[in-house]
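Engineer: Going down the list, the protein sequences come from chains A and B.
85 is the number that this note's numbering gives to position 85 of the first sequence; each next residue is one higher, with no gaps.
186 is the number that this note's numbering gives to position 186 of the second sequence; each next residue is one higher, with no gaps.
There's no promise every hint is true.
[Claimed, not checked] Keeping only pairs whose Cα atoms sit at most 27 angstroms apart, straight-line, the calculated DSSO-like set for lysine-lysine is: (1) B:K399 / A:K427; (2) A:K463 / B:K130; (3) A:K17 / A:K31.
The hints are simulated quantities; they were obtained by calculation from the structure and are not laboratory data.
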Amino acid sequence: MQIYHMRGVPVKTQLSKFLRENKKRLHGLVKDLTKEFSYVSLLGTDTIGKVYNVTRTGSAVQDSAWTERGFVIRVFNGVNYSEYSFNSLEDPECIMDQVRHVAKRDINELLKQGVTMMPFPLLEENDLKDEFHSECQIDPFQIPAETKLARMTELMQYGLAKSEHFVDFRVNFEEVLISKVFVSDKKDLAQSILFTNLAFIGIGRKDGKVRYAFESLSGLKGYEIFEGSLPKIDLAAKNVIELFDAERIIPGTYDIICDPAVAGLIAHEAFGHGVEMDMFVKHRAKGEEFIGKRIASEKVNMHDGALSAEEVGTYLFDDEGTTGTDTVIIDKSILKSGISDLLSAIKLGTSPTGNGRRESFERKAYARMTNTFFESGDDTLEDMIKSIQKGYLLEGYYSGMEDPKNWGIQCMIAKGREIIAGKLTGKIVSPVVLTGYVPDLLESISMVSENKITLSGTGYCGKGYKEHVKVSTGGTYIKAVGRLG
Amino acid sequence: MMNKLLELLKNKPDVDQYLVRAVETESTELFFIGSELQMNRGKNVSHIEVTVYRNYELDGKKYKGSSVARLSPLMDIEEMDAKIEAASLAAASVRNEYYNLVSPDQNQAPELESKFFEGDAIDHIAAMVKDLFSVDTQLGSFINSVEFFLNKSRIRLINSEGLDVAFDKVSGTIELITEAKDKQEAIELYEFLEFSDYDSEWIRETVRESLYKAHLRLKAVPLPKLDDIPIILTGEAVHEFFAYFRAKASGKMAYEGISTEKPGDLVQTKEATGDRVTMSLVPYLKNSAENTYYDSDGVLLKDVDIIADGVLLGYATSKRYADYLGIEPTGEMANIVVKGGKMTLAELKQTPYLELLNFSDFQMDAMTGDFAGEIRLGIYNDGTKEIPVTLGSISGNIKNVEKDMFFSKELQQKNNFSGPEIILLHHVAVAGN
Chain A
1 MQIYHMRGVP VKTQLSKFLR ENKKRLHGLV KDLTKEFSYV SLLGTDTIGK
51 VYNVTRTGSA VQDSAWTERG FVIRVFNGVN YSEYSFNSLE DPECIMDQVR
101 HVAKRDINEL LKQGVTMMPF PLLEENDLKD EFHSECQIDP FQIPAETKLA
151 RMTELMQYGL AKSEHFVDFR VNFEEVLISK VFVSDKKDLA QSILFTNLAF
201 IGIGRKDGKV RYAFESLSGL KGYEIFEGSL PKIDLAAKNV IELFDAERII
251 PGTYDIICDP AVAGLIAHEA FGHGVEMDMF VKHRAKGEEF IGKRIASEKV
301 NMHDGALSAE EVGTYLFDDE GTTGTDTVII DKSILKSGIS DLLSAIKLGT
351 SPTGNGRRES FERKAYARMT NTFFESGDDT LEDMIKSIQK GYLLEGYYSG
401 MEDPKNWGIQ CMIAKGREII AGKLTGKIVS PVVLTGYVPD LLESISMVSE
451 NKITLSGTGY CGKGYKEHVK VSTGGTYIKA VGRLG
Chain B
1 MMNKLLELLK NKPDVDQYLV RAVETESTEL FFIGSELQMN RGKNVSHIEV
51 TVYRNYELDG KKYKGSSVAR LSPLMDIEEM DAKIEAASLA AASVRNEYYN
101 LVSPDQNQAP ELESKFFEGD AIDHIAAMVK DLFSVDTQLG SFINSVEFFL
151 NKSRIRLINS EGLDVAFDKV SGTIELITEA KDKQEAIELY EFLEFSDYDS
201 EWIRETVRES LYKAHLRLKA VPLPKLDDIP IILTGEAVHE FFAYFRAKAS
251 GKMAYEGIST EKPGDLVQTK EATGDRVTMS LVPYLKNSAE NTYYDSDGVL
301 LKDVDIIADG VLLGYATSKR YADYLGIEPT GEMANIVVKG GKMTLAELKQ
351 TPYLELLNFS DFQMDAMTGD FAGEIRLGIY NDGTKEIPVT LGSISGNIKN
401 VEKDMFFSKE LQQKNNFSGP EIILLHHVAV AGN
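Let the sequences and hints guide you as you build the complete structure.
Structural biologist: Dropping the structure here:
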């Protein structure tokens, strides 16, 4: 295996040349529009990135799906807010005409057709000028594609050799450098953030059954992320092999221990979506009724925020120019706060928490999670296992889905390890669907492990079936009671 | 910009071939809370995706490397040049078995039709708003919130082999949240609708149906524990269920060794006593947001039968994997047509049964055949009465259900799926309360 000795002084990322060179024009555009509209802001994005894939049968390199360059302007239209997304700066007059078209002509047309508008207060901002640039050890963009693909091919072969039953062992690496500026009458913000993802997917076939498992690494890291590869490959390979002999679970309610990945999924799906405060404005979230009330067992503390951890959900400011925070959502069983975008906050009369995020400059901002996790506790995993007469240790997941109004939860779990009389029996069940009523599940959390919190940011989060953003989730081991099927 | 880009590509000695996909999109978006407009948005964007190819030989074998670069109209020619140069360098390290690019087809593709092509987008979307809110709230259920997205795109595909096609396309989405409440409780249902044409009655009917389901969900009781109950899948879950069979016809999965069935092989057990799967792919389905007569490589798309009576007829695949497998490319198509079964809805609904009307997110794992979903709304017919139920989940594997699964004779058509209205399954695990 090739070893790299390139660590040294951390590399600070830089705002893109394009945004640096055009900042003055953007300020000018905002200034001109401010003559016509009482609130104007502009978000400029310039994200570069590449995805590298290596499989048994080939390889691929392409620009990351997060790659974008463009702008969104938000203006107060007299009653609420209108937005215009574009990716040309050729004709500033044309941009201004388009903003007028959306915020004046379209609104007038809709009013003529009988549409009524929901009033929102005028945004008032304080002066703020700031910038943030994340750091990494090894700038991945400086490593040639040839070197990356060669290293990934070695890792793929290392994984493939783990079992004669493997039909593929896919390696996926993504490097993304986000550059953003936010400009308004009062604000002048800039940030550059680099994240990388590295994933290993083992696929095997035995006795006609196909099984697969994945393990991944993520973070505000550079090429150094590859250093953690081998243990992850070993684990992914072991998981596939174990799944060959997995049985189907007998549906029922069991004592469960969730590994940090599953705990993170529960934090995210069960609760995170339920406290997104744009859902409060629509009365779509049950969490609204529980602010200040007990919602979980006393073992439960939960956070979300751009500043709660250093992972893929970290930033200085969100896509509406609000600085990120560390929000304590649940504090020792009590629901303390939701997470909010700017417009929901002004509508609700609360403080924005810096969670207004867009899939891209082309999409609307919504209240979204960032880095979401349960805090660690004071129990040990060993004691958790010992405490269970019949139950399962749940490990890894494929997906989850929220239901904030009714507080239902759906988690597609990769596998469960059977526990009988305080011991792991070696029997595996897969796949496992964890469902239930969120307050019941959170109230049933009786033990939380003392381990260091681990977060994973390889995936992304959608709101319903759209609006994907990068988030991280995690925590430590938790013991609860869950309905499994 | 396109001419400059093509000039740039033609003058790159290292770039052996290229494919350019340019998309210009105008979008109008409205966001409602209740019946009040919360925000409106407009969008004018253009995107260019360039794939550069490098052909080379290694130990006497031909390979093709490729790399995809996304270009922006905000880039000057020097920056585009640098991006293409970097993509070309990366492509030289990508090692894939050799394949050919798509050659121009002499046949002309029909134009996609949509009422949205004529007139102003704001008028169209206002008409949809009227349709949607014109449905009377019934039985205590109402519209909580709704988002409208209407995109008109001009797509152009050009490659180094002389392909140069352009077409217009409309795709729209409506995210509809319906709610029902009484003194004790409030519930909601989530609908994600996709379309390509204006269909007033379809919008009204969809809202009516969602409001009715919301009303049922409010009355629903926790699903009891049920053993060996026949399961009925409906709506989107039926579409998702067939993803397993669609994957069996994937040329890519066959080439990668993930699926092993070959044309002529059964993709459904030979012991099947129920209905057998018959599936086609088509470039056009009424009101589908996936309609297109060209795939992303420029293959001219035509209707193709891929499975008949549980037997794989042939692979559906892109030009690349068709070359690998030595077959004619069908191109990649997202519109799926599945033939209905022998029995009617009434014949299939022999009590008792559990009919599932709405899931949190029903999923079929096309690789393993595992399927599962949390139940938001179901109807449990115990033989004497119909009881709306909620909470709980189902899970199963295709190998356990393919023997005696039945498809309704009646068909549904929703976005990019046309097929049986329901599927009746046995041997599915149900987690109740």
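Engineer: Determine for every hint whether it applies to the structure shown.
Structural biologist: Evaluated hints:
1. B:K399 / A:K427: 22 angstroms, holds
2. A:K463 / B:K130: OK: K463 (chain A) and K130 (chain B) at ~25 angstroms, within 27 angstroms.
3. A:K17 / A:K31: 22 angstroms, holds
Of the hints listed earlier, there is not a single one the structure fails to meet.
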